[in-house]
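Starting from the structure of chain F, add chain P where the hints point.
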Amino acid sequence: MTTVTTPLATTATTGLNLRRILKLGLLGGLGMVFITAIGMLAAFNRRLLITPILSLGYLVLFSLPFLIGHLMARRVEKEGVATAPRTSADVVAAAVAGGLAGFVAGLFAILVNAAPGLRGTLPNLSPALVEVLTLGMGVGIGLVLLTVLGAAVAALGAGFHWLPPRIARAVSVAAQSVVAVAVFEAVIDDLFDWFKTIPNFLYASRGGLTILSAIVVFLVAGGLAYFLPGRIPSLRSALMVEDESKRRRNSLIAAVVVTLIVLVIPQFLGGVLNELLTNVGLFLLMGLGLNIVVGHAGLLDLGYVAFFAVGAYTTAVLTSPLSPFFAPEMSWWQAFPLVLIAAAIAGILVGTPVIRMRGDYLAIVTLGFGEIVRLLLLSDWLSPYFGGSQGIRRIPGIGVGGSEIGGTSINLFVYFTLALVAVAAYISWRLEDSRVGRAWAALREDEDVAEAVGVDTVKAKLQAFVTGAILASFAGALFSAKVGSVFTNSFEILVSIVILVVVIVGGMGNIAGVAVGALVLIGVLGGPNQPGLLQEFGEFKLLIYGALLVYMMLQRPEGLLPSARRAQELHQEEFLQDAWLDKGGQLAETAPKGA
Amino acid sequence: MTATVDTAPEIAEVKRSFRPTWVDLFLWAIRIGAIIIIAAGLIGSISKFIAGEGPSARQWGDLIVAGLSQGAMYGLLALGYSMVYGVLGFINFAHGEVFMSGAMVGFISANWLFSNGMWNANPFLALFIVLVVAMFTSTLVAVLVERIAYRRLRGSPRLIPLITSIGVSFFLQYTFAGLFGVGVRSYPQAPSVFSGAVSLFGFPVRKTSLLVISVAVLSMIGLWYFVTRTKTGRAMRAVAEDKEIAGLMGIDVDKTIVTVFAVGGAMAGVAGLMWALLFRGVSFFTGFIPGIKAFTAAVLGGIGNLVGAMGGGVLLGLFEGVGPLLILDGLGIPGVSQLKDVVAFAALVLVLVFRPSGLFGEQLGSEERA
Chain F
1 MTTVTTPLAT TATTGLNLRR ILKLGLLGGL GMVFITAIGM LAAFNRRLLI TPILSLGYLV
61 LFSLPFLIGH LMARRVEKEG VATAPRTSAD VVAAAVAGGL AGFVAGLFAI LVNAAPGLRG
121 TLPNLSPALV EVLTLGMGVG IGLVLLTVLG AAVAALGAGF HWLPPRIARA VSVAAQSVVA
181 VAVFEAVIDD LFDWFKTIPN FLYASRGGLT ILSAIVVFLV AGGLAYFLPG RIPSLRSALM
241 VEDESKRRRN SLIAAVVVTL IVLVIPQFLG GVLNELLTNV GLFLLMGLGL NIVVGHAGLL
301 DLGYVAFFAV GAYTTAVLTS PLSPFFAPEM SWWQAFPLVL IAAAIAGILV GTPVIRMRGD
361 YLAIVTLGFG EIVRLLLLSD WLSPYFGGSQ GIRRIPGIGV GGSEIGGTSI NLFVYFTLAL
421 VAVAAYISWR LEDSRVGRAW AALREDEDVA EAVGVDTVKA KLQAFVTGAI LASFAGALFS
481 AKVGSVFTNS FEILVSIVIL VVVIVGGMGN IAGVAVGALV LIGVLGGPNQ PGLLQEFGEF
541 KLLIYGALLV YMMLQRPEGL LPSARRAQEL HQEEFLQDAW LDKGGQLAET APKGA
Chain P
596 MTATVDTAPE IAEVKRSFRP TWVDLFLWAI RIGAIIIIAA GLIGSISKFI AGEGPSARQW
656 GDLIVAGLSQ GAMYGLLALG YSMVYGVLGF INFAHGEVFM SGAMVGFISA NWLFSNGMWN
716 ANPFLALFIV LVVAMFTSTL VAVLVERIAY RRLRGSPRLI PLITSIGVSF FLQYTFAGLF
776 GVGVRSYPQA PSVFSGAVSL FGFPVRKTSL LVISVAVLSM IGLWYFVTRT KTGRAMRAVA
836 EDKEIAGLMG IDVDKTIVTV FAVGGAMAGV AGLMWALLFR GVSFFTGFIP GIKAFTAAVL
896 GGIGNLVGAM GGGVLLGLFE GVGPLLILDG LGIPGVSQLK DVVAFAALVL VLVFRPSGLF
956 GEQLGSEERA
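Just so you know, the sequences run in chain order F and P.
In case it helps, this note's numbering puts the first sequence at residues 1 to 595.
In case it helps, this note's numbering puts the second sequence at residues 596 to 965.
Because the hints were derived from the structure by calculation, they are not lab data.
Where chain P lies over chain F, by a calculated footprint (3+ residues, C-beta under 8 Å):
1. 29 to 40
2. 118 to 129
3. 370 to 378
Note that CB positions come from ideal geometry on N, CA and C, so glycine has one too.
If we strip away everything but chain F, and leave its shape as in the complex, we get (with noise of 0.2 Å):
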C-alpha cells in the first residue's frame, strides 16, 4: 500500500533541510493566528502567571514555537541508521522555524488590523486582539518582535537538546514547577491561610507570582530535581510495575496515603476549593461508573449521563416538597435506596434493547436515550410531572447527625462525597477481579469467544450497565441535595463527554487513573457546567477536552495510568519488537534503567 522506505536511508532530518523548516514555521504560525483568532490568547491574558511578565496566554502562544525548536533538533534514533551528530545548524534551522512562525503571527496582526470589517463576523478579530499579539507596540514593531521572539523562544527549544540528561530534567521539572505553583495559586493561598507568609511572599497583590518568587521556586524545584534523581518518575511506574502482587501493595499504599491526605486537605481549604473537590468528586463518582461500562465491559455509553438524571430527578421528586405531582417529602436516607433500585431499572431498560448491537452502533444508541430522556423532562409533556424547564427546587440537604448538610455546608459535604467515592471505589476494586470482573474483561476481548467458554454475555453486560446506573445515581443523589434544585441544563450530552474524556485520559480499566483523570481535568479545567481552578479556560474547556480525545487517541490510547492488563495488551507488539531485538543480540544492552 505504501511505498516501501529504504532501511539505510540517510536521516534527513539534519541540517538546515529547507522543506522541513518551511513546513514546521509555518504550521506554528497557523498554530498561533488559531489560539490568537479563537480567543485564548486575550482570554487567557487576563490570567498572570508572573507578574508582570508573562501570563498564561503568551505561555500558550510562546510554547508552540518552543515546541517547533525542540522537534527541529530532536534526533530520533533508528536502530540501523547512524545518528547524525548535533550541529549548530540545527539550532539555526529552529530559529529560521520559530522566527518563520512569529512572523506568520505578525502577519495575522497587520492583517487584521487593516481590515476592521472583519470584526463583524468574526469578533475576536479586534484592537485588543492586536494590542495584546503585538505586545502594545503597534504592528510595525511587533512583527519584528514576534520574529525575533519566536525566533529566539525556538532557538532555546533546541538548545535544550544540548543540556546533560540530568541537568536538562532538572530544568524541566523547575519550570513545570513555576508555572505548577502560579496556576495552583487558589489552593496554596487557601492552604496557608494559617501562616499567610508563604502566599504572601509567593503572590504578587495582583496575582501571579513576583518575579522574585518565581526564581526561587524554579531554583527551589530545580535544585531538587537535581539532587533527588528518579523520585518523581518513579512514584507513577511504582504503580504499574508489572508484578502483580507488587502492583497490588504499591496501589493500597497509594489509597491509604490518599485518603489521608483527603481527609486532611479539606480542614485547610475555604468554601470554593471545597465546592470544587465535591464537584471532582461528583465526577469521579460517574468515572467510576463510567469505567465500568466502557473500561471493564466495552460498552461505549455516550448516554450515560442518562442515569445521572434519573438519579439526580428521583431525588428530587422523593425528597422536595415542590415536587409537582408526586411528593412524598421522604428524607435523603429514605429516598437514597429507591434512587438505587430506580437506576438499575434505567440500567436493565437501556441495557436491554442495546444487548445485540455491534459497538458503534450501541453508542449511539446510548446517545440517542440520553437526548431522549432529557428532552422529555424538558418538555410541557411531562412537565406537571417534573416540572419541565422550571426545574425541582427546594431539595433538602442530607441529615447527618440531627443537622442538614447540603450545599450551603460545603466543609461538611465535601466530606460526604468523598465517603461516598470510596465506597465507589471500593466496589469497582472488588468487582474488577471478581467472577463478574473476568466476565467483563472477556467480553471485552471477544464476545464470540466469551460466549463459547461459557460468559453469560447478556447478563454480563446487563451488570455493567446496572452497576454504572448505580454510580452514576450515587452522583445524582448527591449532586442534588448539594445543588438543592435539578434543572435539565445539568444533564446535557456535553457531561457524558466530559466523563469520557475524564475516564479516557486517566487511564480505562483503572481506578487510580479515573481518580488522577478526574482530579486532573475537573480540578484544573472544570466540568461542563462547574468552573474549575483555571477559570480562564471556562470557553476553551470542551475545545481542551476534544483535542486531548483527539491527542489521547492517537498518543495514548491507554490513558496516563493504564490498568496493567491493557498496557500489556496495547504494547504487546512493542514487547514481541523488544523481545526479537535482544535474541538478535545487537541491542542486548539497552540503557541500564535507573542509571
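Below, chain P alone, put in the same frame as chain F:
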C-alpha cells in the same frame, strides 16, 4: 456407527427450534408497544381530521413539504456518513461539524454579498458563490480532519476512530464558537426571487423548499454519476470492497480515501447552504443534532448504500416533520412541536435496534462488519 448418524440430525433439530429468551420477549414487547402507540396516534389524528379538528389539509401539505426539504438535507448529509462507513467502517461523528463549518463560513460570504447588493441583484450568482464557499470549506475541513486525525488510526479497533471523531467534533464546535462567538448568526433573507410560494397541485409550496429539493436532486445525480461512471468512483467502490486487494490492483488507497472524505465534505457543504435557506440561523451547535439525525438516515437507508442514504434522509425528514403531529398529537400529548427531536431520536433507537441493516439493505465491502 449407525446410531450416531441417526442422532445427529435430532440434535441439529433441537438447536434450530426457537426458544425465546427474556431479551427476545422484551424486544418484542417494545415492537408491539411501538406499533400500538403509532396505531393509536394515527387513529386519533384521523378521527380528529374527519371531525374537522386539528390541522387542515393545507397545513398537512405544508408539513409534508417542509419534511421533504429537510429530508433532502439529511439525505445529503447521510451520504457522508454512509460513504465513510462503507470504506473505513467507522462512524464519522464529526461529519455534522463539517456541515456546520460550511454553513458558518458560507455565512461570511452571504453577508458580504448582501452588503454589496449582489444578493438581491443577482441572486443565482450570489447563491452559487455561497454554495462554492460552503462546499470548499466543508471539503477542506473534512480532508484536514482525515489527514490529521483519522489516517493514523486505520486498522485500529472500531471504537477508537469513533471516540477520536467525537473529540474532533467537540474541537470543531468550540473552534467555531471561538471564531464566530456563541450566538446564532442569521443569513440575510433569501433573495426576493426565492421568497414566497408557488402553487403546486393546489398546495402553496415555499420556493426555498423547491430550491432545496432541486439542488439535492441535482447533487444526488452528480454523485451517482461520479461513483458509478468515473474511474475515481470505481476506485472508491473497489476500496470499499477490499482495501488490500484494491491496493494490489494499483489503486492509490490513501488518495481514494481522501476523495471519499472530500466528496462527503462537498455534499455536507451543499447541505450547509440548504440549512441556511431553510432556517437562516446558524451557530456553532448547528451541526450536532442534524448530524446525528443524518446518521440515523444513513442507517435507515442501509449504511454504505448511497441511494439508500438519500431515501433514508427523505423518510426521516418526513417522519420528523409529520410524525409529532400525526402520532403524538393523536394521543393527546400537549406541546408536540417540542418533541420533534424526541421523535427523531426514537426513530434512531428503533432503527438501530430493530433494523440495523436498513430498509434497503447494506452495501458494505466483504470485510466483516459484525
